[in-house]
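Q: Starting from the known structure of chain X, arrange chain R on it as the hints suggest.
Listed here are the chains, written in short residue letters.
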Amino acid sequence: MKDYTAKVKLNGVEREARCEARTTLIDFIRHELGATGTHSGCEHGVCGACTIKVDGKVVRSCLMFAYQANGTEIETVEGIATAGQLSDLQLAFKKHHALQCGFCTPGFLIAANELLQNNHSPSELEVREGLSGNLCRCTGYVGIVAAVLEVAQLRLMAKGANHA
Amino acid sequence: MKPASFQVHLVQSQDEAIGLLDQFGEDARVIAGGQTLVPMLAMRVASPEHLIDINQIADLKYFGTSNGALQVGACVRQAELEAWENLEQVQPLLKMLFPWIAHTPIRNRGTVCGSIAHADPSAELVLALAVLDGSVVLASKKRKRVVKAKDFFLGALQTDRQPNELITAVQFPIAIKKMGYGFKEYGYRHGDFAVVAVAITKSGSDWTIGFGGVNDTVQIFKLQNQSLEEAIQSLNQLASEIEVQEDPTTSSGLRRHLMRTLGKKACIQASEFERGHGS
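Protein chains in written order, with the numbering used here: chain X, 1 to 164; chain R, 1 to 279.
Bound conformation, chain X alone (with noise of 0.2 Å):
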């Protein structure tokens, strides 16, 4: 019985609609809100494909209900690019082979996107720990580390560029 209305803020655009009590956030933005960007992996928080932000924190979408994000703001990986052009991340995760499949990649792009934001200059290490929390089952780590490295001193170095 969908008895529960949430309403969202998905990416900037206010949504709404009607779930179960049972609803878990993950197959909310999914099956009722048609943003299918956001992958269900295992549906139990160990996986991390389903990693997004709930008002500026980073969460497991499949460890919340529904009714639980009513109010809230929520990014998904089809916040991430702008105006159809790939986001420095997502062009780096290209250039480094980032990704086979592609079904781990949105959770990662959220948790790498937070992990740069907190941390302008992560050595290797921290990029590691920061993203322990998502698995990768097909093309493994380093190519992912490789791109979030890459785009931290990008950054960098466009941020030294414009105080320059």
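Do not rely on the hints blindly, as some may be mistaken.
For lysine-lysine, the following DSS-like pairs were computed, each having C-alpha atoms within a straight-line distance of at most 30 Å [stated by the list, open to error]:
{"id": "1", "chain 1": "R", "residue 1": "Lys-61", "chain 2": "X", "residue 2": "Lys-57"}
{"id": "2", "chain 1": "X", "residue 1": "Lys-2", "chain 2": "R", "residue 2": "Lys-2"}
{"id": "3", "chain 1": "R", "residue 1": "Lys-264", "chain 2": "R", "residue 2": "Lys-222"}
{"id": "4", "chain 1": "R", "residue 1": "Lys-178", "chain 2": "X", "residue 2": "Lys-57"}
{"id": "5", "chain 1": "R", "residue 1": "Lys-61", "chain 2": "X", "residue 2": "Lys-9"}
{"id": "6", "chain 1": "X", "residue 1": "Lys-7", "chain 2": "R", "residue 2": "Lys-222"}
{"id": "7", "chain 1": "X", "residue 1": "Lys-9", "chain 2": "R", "residue 2": "Lys-222"}
To be clear, the hints were calculated from the coordinates, so they are not data collected in a lab.
A: Using the frame of chain X, we list chain R on its own:
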């Protein structure tokens, strides 16, 4: 992997939550962070008819120091406490172990009290509450009571909480100057539950040693009047003597080995901490 149907009660006050617990008892579960409960619901290990969601209760979002203890309300997220600028000064052991609890996205949502309520014997916060001799505050319709950790944790996932009681807060004693603290853990992957975790407090030549992950409950031992070398010796002895669980990934022998090696490191860490902060 979808939870069975349940009815949600979005309660606004403690009284409302306690009233519902009194009415539904074992048919109800309390949800705050849900980082353990939601997987249990998804796997249908738990399928309560009623979920009492306490996230809207403003006075459970409080944490701070009073009466010699760090009081942590039932809705305080682990990441909130972890990011608190005074945490290292107020209770360094908590500062040491937070990075070991799962991953940032889990700590952003998971609560301190939720971990205590779940009472997993390999959970870091359960170990911390036990080794620090902290307490759990429980409220029911009739009374409010404060239970010491040693009386609260009864076994794996078993606690002294009655079906009509709400855990409103947990209390960690505030760090005392000249005390030493140490924490070491081994898990198979970053963020996994501990295979073995060791937490130590040291006051002069008195030691309190806690082992997590080795058995059905956290194991606490007190050593009196021992030097660092003697404490490490005693710890080796303890690792040989106490009952240790075995599972498909970890033999009891490996657990005992980890208790010795991590224990030694934690003892040294506690001694060095004491020296560094003693003045």
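Q: Taking the hints in turn, state whether each one holds.
A: Verification of the supplied hints:
Taking the CA atoms of Lys-61/R and Lys-57/X, the gap is about 17 Å. The hint holds against a cut of 30 Å. Of the pairs offered as hints, the one joining Lys-2/X and Lys-2/R holds, with about 15 Å between alpha carbons and a cut-off of 30 Å not exceeded. For the proposed pair Lys-264/R and Lys-222/R, the alpha carbon gap of about 15 Å is at most 30 Å, so the pair holds. As the CA atoms of Lys-178/R and Lys-57/X are separated by approximately 37 Å, the hinted pair breaks the 30 Å bound.
With a C-alpha separation of about 24 Å, the suggested pairing of Lys-61/R with Lys-9/X holds against the 30 Å cut-off. Between the alpha carbons of Lys-7/X and Lys-222/R the distance comes to roughly 53 Å, so the proposed pair goes past 30 Å and is violated. The straight-line distance between the Cα atoms of Lys-9/X and Lys-222/R is roughly 53 Å, outside the 30 Å bound, and the hint therefore fails.
The structure fails to meet hints 4, 6 and 7 from the earlier list, while all remaining hints are met.
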